[in-house]
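Colleague: Sequence:
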Amino acid sequence: MSEVKGSQPERPPISIERLLECVHCGLCLPACPTYVELGNEADSPRGRIHWLRAVAEQGLSLDAAGVRHLDLCLGCRACESACPSGVRYGEVLEEARVFVERSFRRPWWDRWRRRLVVELFAHPARLATLLLPIRLADRLGAGGWLRRLPLLEFLPPLARAASWKPSAVFAARGPRKHRVALLRGCVARVLFPQVEAALVRLLVDQGCEVIVPPKQGCCGALAAHQGDKNRAARFVREFVAAFAQPVDAILVTAAGCGAFLRCCAHWLDAGALRKQAEHVQVRVRDATEFLAALDLPAPPRPFGIKVAYHHACHLVHAQGIRDQPEQLLRLVGAELVPLEEADMCCGSAGSYNLLEAGLAQRLGERKARNILGSGAEVVAVANPGCSLQIQAALRRAGSRLPVLHPIEILVAAYYPDAFAPPSFSPTPDP
Numbered sequence: 047m048s049e050v051k052g053s054q055p056e057r058p059p060i061s062i063e064r065l066l067e068c069v070h071c072g073l074c075l076p077a078c079p080t081y082v083e084l085g086n087e088a089d090s091p092r093g094r095i096h097w098l099r100a101v102a103e104q105g106l107s108l109d110a111a112g113v114r115h116l117d118l119c120l121g122c123r124a125c126e127s128a129c130p131s132g133v134r135y136g137e138v139l140e141e142a143r144v145f146v147e148r149s150f151r152r153p154w155w156d157r158w159r160r161r162l163v164v165e166l167f168a169h170p171a172r173l174a175t176l177l178l179p180i181r182l183a184d185r186l187g188a189g190g191w192l193r194r195l196p197l198l199e200f201l202p203p204l205a206r207a208a209s210w211k212p213s214a215v216f217a218a219r220g221p222r223k224h225r226v227a228l229l230r231g232c233v234a235r236v237l238f239p240q241v242e243a244a245l246v247r248l249l250v251d252q253g254c255e256v257i258v259p260p261k262q263g264c265c266g267a268l269a270a271h272q273g274d275k276n277r278a279a280r281f282v283r284e285f286v287a288a289f290a291q292p293v294d295a296i297l298v299t300a301a302g303c304g305a306f307l308r309c310c311a312h313w314l315d316a317g318a319l320r321k322q323a324e325h326v327q328v329r330v331r332d333a334t335e336f337l338a339a340l341d342l343p344a345p346p347r348p349f350g351i352k353v354a355y356h357h358a359c360h361l362v363h364a365q366g367i368r369d370q371p372e373q374l375l376r377l378v379g380a381e382l383v384p385l386e387e388a389d390m391c392c393g394s395a396g397s398y399n400l401l402e403a404g405l406a407q408r409l410g411e412r413k414a415r416n417i418l419g420s421g422a423e424v425v426a427v428a429n430p431g432c433s434l435q436i437q438a439a440l441r442r443a444g445s446r447l448p449v450l451h452p453i454e455i456l457v458a459a460y461y462p463d464a465f466a467p468p469s470f471s472p473t474p475d476p
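Just so we're aligned: the sequence shown equals residues 47 to 476 in the working numbering.
One or more of the hints may lead you astray.
Unchecked claim - 27 angstroms max Cα-Cα, derived DSSO-like pairs, lysine-lysine: (1) K321 - K275; (2) K261 - K352; (3) K275 - K261; (4) K223 - K261.
Stated by the list, open to error - Taking CB as the label site, the calculated pair distances span: (5) A287 - D109: 21 to 31 angstroms; (6) R219 - P153: 14 to 24 angstroms; (7) V328 - S61: 46 to 56 angstroms; (8) A287 - E87: 39 to 49 angstroms; (9) D251 - Q373: 40 to 50 angstroms; (10) K223 - V328: 42 to 52 angstroms; (11) R222 - E87: 28 to 38 angstroms; (12) A287 - L106: 23 to 33 angstroms; (13) D109 - A443: 34 to 44 angstroms; (14) H325 - E411: 41 to 51 angstroms; (15) W155 - L182: 25 to 35 angstroms; (16) P153 - V215: 29 to 39 angstroms; (17) H325 - G366: 43 to 53 angstroms; (18) Q291 - R114: 37 to 47 angstroms.
Keep in mind that the hints were calculated from the coordinates and are not lab data.
Glycine residues also receive a C-beta, built at the ideal position from the N, C-alpha and C atoms.
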């Protein structure tokens, strides 16, 4: 049974002033995926804020029903884009999740699966090891039937990983214009190594020296999504230690990682390390944002294909990056087609599609219908979780439409000889 920890109900560490920023106007409702799908006020941003106010102001005890409404929130932050009052819902949600995990005892099976998500997906070496049988099946041509199984349906064909040397530094071609560092991430590193390899090639050719710090791991976003403050803080400390060197930018190819890292310092206690984290986090940039500012030349072969661009939530709503990826796609000659509900969550939301599979599948099917109705020949999305979710939804709909990172489309236009840079030695990730 679920229960409140301790004999006296705690109150969430969220200021009443923060909660009172919401004037309950309802303009967030059409933007909220859970409200649009379920039609339940309690599963809307203002409904969740109303519940948190009752807990904070009136001492309402946590119960399974209230926690359930909070769990169903995707954390997509579309409500922030729609809110005229500037409610910082993402911050409220983070603090509420930490409060729930400290004050509410979940059923054992729920605690186990939530911990498993972090223990597995936040550790690239563990994930890569677990996927070795799938990688072998792909090479033998038998991977297709495995992807009919639950969870495995999300896996793309497993690309062979780029071989990075310890303390890898890739020199700029020609005069050095920028010095940048690359965050490899977790899922992105294991499932989409061709994206980071393509990014390095683009950067080097545009006069960027690229540093790949060897001792880097998870950014901490997955732990934060679970309300695990201690573990999230540990990952942040490791990130700061790995990326404290002076660079112009720290580039990220996963929107969720970038959104978390751009404000990661508040997960640390006040002190010298938190100040250092504040200096590091301001250099975090999404790769598409950075590339759009480089004044790239026209490619030798335009990518003359119809592309539907899906706005990853943590790129468009959390980071405010809306135009730059589309600018890059137009630059290389992609024909952007209108996509209905392009900035509505696809249902991935970090580990949401693993923990809330039912609603996530409904949102994925909604996204797939819109994509198929757009007439697109390719889907572009700048987040690995969205890519996995949308690919799975399209397969369920009977479509094999390619789902690519914008960087993959760029490299296809700039280097028509090969999709992945041939200069990298392909070896399996450890």
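Colleague: If a hint holds in the structure, say so; if it does not, say that too.
Modeller: Verification of the hints:
1. Between K321 and K275 the CA atoms are separated by roughly 18 angstroms; this keeps the pair inside 27 angstroms, and the hint holds.
2. At roughly 40 angstroms between alpha-carbon atoms, K261 and K352 are farther apart than 27 angstroms, so this suggested pair is violated.
3. A C-alpha spacing of about 22 angstroms is found between K275 and K261, which places the hinted pair at or below 27 angstroms, so the restraint holds.
4. Restraint check for K223 and K261: satisfied, since their Cα atoms lie roughly 25 angstroms apart, inside the 27 angstroms limit.
5. Distance hint for A287 and D109: a CB-CB separation of about 40 angstroms, inconsistent with the stated range 21 to 31 angstroms.
6. Take R219 and P153: their Cβ atoms lie about 56 angstroms apart, and the range 14 to 24 angstroms is violated.
7. One distance hint, 46 to 56 angstroms for the beta-carbon pair V328 and S61, is violated here, with the actual separation near 25 angstroms.
8. A beta carbon spacing of about 44 angstroms between A287 and E87 agrees with the range 39 to 49 angstroms that was offered as a hint.
9. Judged by the Cβ atoms, the range 40 to 50 angstroms given for D251 and Q373 is violated: they are separated by roughly 19 angstroms.
10. Distance hint check: the CB atoms of K223 and V328 are about 20 angstroms apart, inconsistent with the given range 42 to 52 angstroms.
11. Between R222 and E87 the C-beta distance comes to about 55 angstroms, which lies outside the given range of 28 to 38 angstroms.
12. The hinted range of 23 to 33 angstroms is not satisfied by A287 and L106, whose Cβ atoms lie roughly 41 angstroms apart.
13. Taken as a hint, the range 34 to 44 angstroms holds for the pair D109 and A443, whose Cβ atoms sit roughly 38 angstroms apart.
14. Range check, H325 to E411: about 43 angstroms between beta-carbon atoms, so the 41 to 51 angstroms window is met.
15. For the pair W155 and L182, the beta carbons lie near 31 angstroms from each other, so the given range of 25 to 35 angstroms is met.
16. The hinted range of 29 to 39 angstroms is not satisfied by P153 and V215, whose Cβ atoms lie roughly 48 angstroms apart.
17. Range check, H325 to G366: about 21 angstroms between beta-carbon atoms, so the 43 to 53 angstroms window is missed.
18. For the hinted restraint 37 to 47 angstroms between Q291 and R114, the CB-CB distance of approximately 44 angstroms keeps it satisfied.
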